[in-house]
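Undergrad: Given next are the chains, with one letter for each unit.
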Amino acid sequence: MRRRWFFIGAIALFFGGLWVLEVRPGQLIPSEGGREAAGDFLSAAFQPALDYEESDMRGGEVSFLGKIGKALWLTVRYAVVAMSLAFAIGVIGGVLGSRAWWSKPNLFLQVLRIGTRLLATAIRSVHELMWALLFLSAVGTSPLVAILAMALPYGGTLAKVFSELLDESESSAGEVIRAAGGSGFTAFFAGVVTKALPDLATYALYRLECAVRSSAVLGFVGIPTIGYEIKTAYEDGHYHEIWSYVYALLIVVILFEAWGAKVRGLLTKGTPSRVGEEKGQSLSELWQGRGRSWFLRFSVATLAVGIAAGWMAEDRWGAGVGWEQRERNLDRFTGEMVPYPVREADGDWSVFGSWFSEKMSDEGAVALWRTFHVGTTAILLAGGLSLIGILFAARTLATSNPRGVRDGGSKIRGLLGMFLRGASMLARAMPEYILAFLLLRVFGPTYWVLIFALAIHNGGILLRLGAEVFDNTKSQASEVILAQGGNRSSAYLAAMMPAGFNRLVLFLFYRWESCIREATVLGMLGVASLGFLISDAKVAFFYDEMILWVCLGAALVFVGDLTSDFVRGKLRTAE
Amino acid sequence: MLEFQSASLSYGATVALDSIDLTIRSGEQVCLIGPSGAGKSSLLGLCNGRVPATSGKVVLNDQNLGELKGKALKEVRSGIAWVPQDLGLVPNLRVSQNVACGQAARKGFWGLMRSLLLMGKAEKERVSGLLKRVGIEKKIFARVDHLSGGQRQRVAIARALYQQPQMILADEPVSAVDPERAKSLVELLTTIAREEKMTLVMSLHDVDLAQRYFDRVIGMRAGRVVLDGSPDDAGVRELYRLDQ
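Protein chains in written order, with my numbering: chain C, 1 to 575; chain A, 1 to 244.
Because the hints were derived from the structure by calculation, they are not lab data.
Hints are supplied without guarantee of correctness; some may be wrong.
What the hints assert, rightly or not - DSBU-like, lysine-lysine: derived pairs with alpha carbons at most 35 Å apart:
1. A:K132 - A:K107
2. A:K139 - C:K411
3. C:K411 - A:K69
4. C:K231 - C:K262
5. C:K411 - A:K57
6. A:K107 - C:K262
7. C:K570 - A:K139
8. A:K197 - A:K107
9. A:K69 - C:K474
10. A:K121 - C:K570
11. A:K197 - C:K231
Go ahead and model the full structure; you've got the sequences and the hints to work with.
TA: Below you can see the structure in the form of structure tokens.
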């Protein structure tokens, strides 16, 4: 019954969202001029540039491929350096936000824990693009802006997740140490951290993959990563170059993901020992035969060298504008971020209420409402499509022996499954913001673009997660249905889906929270929502309004986070 | 009629079934007995073509199961119900929905979806009738994970009956319940199968039950048929004694 209401609610929310956003299928058909431009843009996808499209640029100091390489290097470097800082924030915040190290709870520790968690949630509620805009407005362009813009929200995210992982880590080993007279911290490090370490490292690696995508997106606000090159190439009308950058980015993100997956697998499962059963082996032979992975060692060393090189390779961390100019910028920013009427009334904050109400009734409330619906409609579309896609992509179904029951059918299923898994990998690798940027060239500025960009990226993620859940969930009910002549879709519908339903909803809420976060910035591409108001205010140097819209976006994400946490907690308990 | 003609089954180097020759006539109540690893589950796997024979043939009503594919294979399977050892129920669905899954092959995807989401009155009555027959009609709208082990077994039997099969394959369906409950379930299944003139092939560990309720007992050991006869056959006890 609950499932039925969930589906009915989801369908109502989806169509309600389309109605609120006033989107019509007709908006998907571009005008004649738009069709021509879209055609040129899309056809360029099949002929990515290997050299500058502008003949004047050819034969210059830096070749086109060299330019791509430099943009990629900066993209990866900023991501790695930012993640090293985020990791430090995450570790400190994660420990302070956890209760696993407490010997005895007291009020101070409780307040510290809740305060840290709220702070972590608050800083991660502001999207890295918004942090970048704030820092750019406050101090001007510099590589440090890119690092801080990513390190803060990622640090907040790591702190939140680390504290949860530490709290969830089984503490019986810690209790044994405590019982043997060890201090709370000793028990925490030896009994809790050691157990949680593979999960902590796994999650940090996953965020590193995300940071590479975020780093690329920061290019759209002027940081010299690959996103900057994509934007510039578009402004110059160099469509073939755009696709070269996009493909280069996809390759790097996919490589990062493949490397991350391999390392995470080794961290989680460990490496089996090579020690045989024969007797009489010496201690050194046993040591030599212990489980170890050269790949893992090489990866850790490369990462350490990469982080050090990333920090040291930049000799102009504060560069961009001079210190005097930066001070002036900061003064102006801090002065003008105070709401205009408050400034006019010599700091009298009693006028803030009327200004806030006016801003909200003028455009804020509508933008907020629409941003919420963009994120929600997109995740529902992604969820619906991935539910259908999983049926064809799950490895245990996309075979001639579905769920181990011989079928003897054609190989088309297997090929379709492979195609879908490949498409899902590409969708995951493409940042939503860049996807929306590309789709805007095809459909023009409509909400469809934002919905599709979010739905494609998140659909790819949900498809992968969902297929993994179904492949790994034992369901003899599905085998019974297949063995009695039912088809794959019946087994999927009646046995696999009910068994994995809670997990799917869990993933849906996890991605919904992320969709809402992304929806707050996608409007910066020119579609009326919160992001649009933010970029509009920045262009006009209305920093008070800009801060207001950023805070409003953060509040939306904050509420989304809490709702998602609550629902996921309930679902986990129900499992 | 189901015929095994020198049917063998191997998993890599492991031989699960070794050149089995058997004929099971329609309407027969057959019990497979033997120790764990004797090949009972593998033999049941060949009966509905879930796994193909590595060599030899399994022929059901003149159709070689190993050669059937896709629709033809599904068509044959729609007449064979299977009750696996862990019963194969969906724990978080209601009893009525689990029973409706028995008609998955005949209904197809959309028909099954309708049954799961909006089961009609007529279907509810049919399901209720079956549940009454297996003695749990009051549990029709209960979630399966809220039922006792014995009640779940009855749901699995109801689902098998809802399929309206010509043959029921049951793989140690009573291995996890106490002897009294096991007895009543085997009695229920054999009685219904006799009344409906269905073939029943069930694997069991309990020789007493095999002797009491079945027409024919097939003893297996190390992938071979070592005994095939009536329940009164002295060899049945002998096989039982050797297993102890």
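Undergrad: All hints, please: hold or fail.
TA: The hints, checked one at a time:
A C-alpha spacing of about 23 Å is found between K132 (chain A) and K107 (chain A), which places the hinted pair at or below 35 Å, so the restraint holds. Between K139 (chain A) and K411 (chain C) the alpha-carbon distance is near 42 Å, which puts this suggested pair outside the 35 Å criterion. Proposed proximity of K411 (chain C) and K69 (chain A) is supported: the alpha carbons are some 12 Å apart, at most 35 Å. Among the hinted pairs, K231 (chain C) with K262 (chain C) is consistent with the structure: their alpha-carbon atoms are about 33 Å apart, no more than 35 Å.
Proposed proximity of K411 (chain C) and K57 (chain A) is supported: the alpha carbons are some 24 Å apart, at most 35 Å. At most 35 Å may separate the alpha-carbon atoms for a hinted pair to count; K107 (chain A) and K262 (chain C) exceed this at roughly 43 Å. In summary, the hint linking K570 (chain C) to K139 (chain A) is supported, as the alpha carbons are separated by about 27 Å, within the 35 Å threshold. In summary, the hint linking K197 (chain A) to K107 (chain A) is supported, as the alpha carbons are separated by about 24 Å, within the 35 Å threshold.
Distance restraint check for K69 (chain A) and K474 (chain C): the Cα-Cα separation of roughly 25 Å lies within the 35 Å cut-off, and the hinted pair is therefore satisfied. For the given pair, K121 (chain A) sits about 33 Å from K570 (chain C) by alpha-carbon distance, which is consistent with the 35 Å threshold. Using a Cα cut-off of 35 Å, the hinted pair K197 (chain A) and K231 (chain C) is violated, with the two alpha carbons roughly 75 Å apart.
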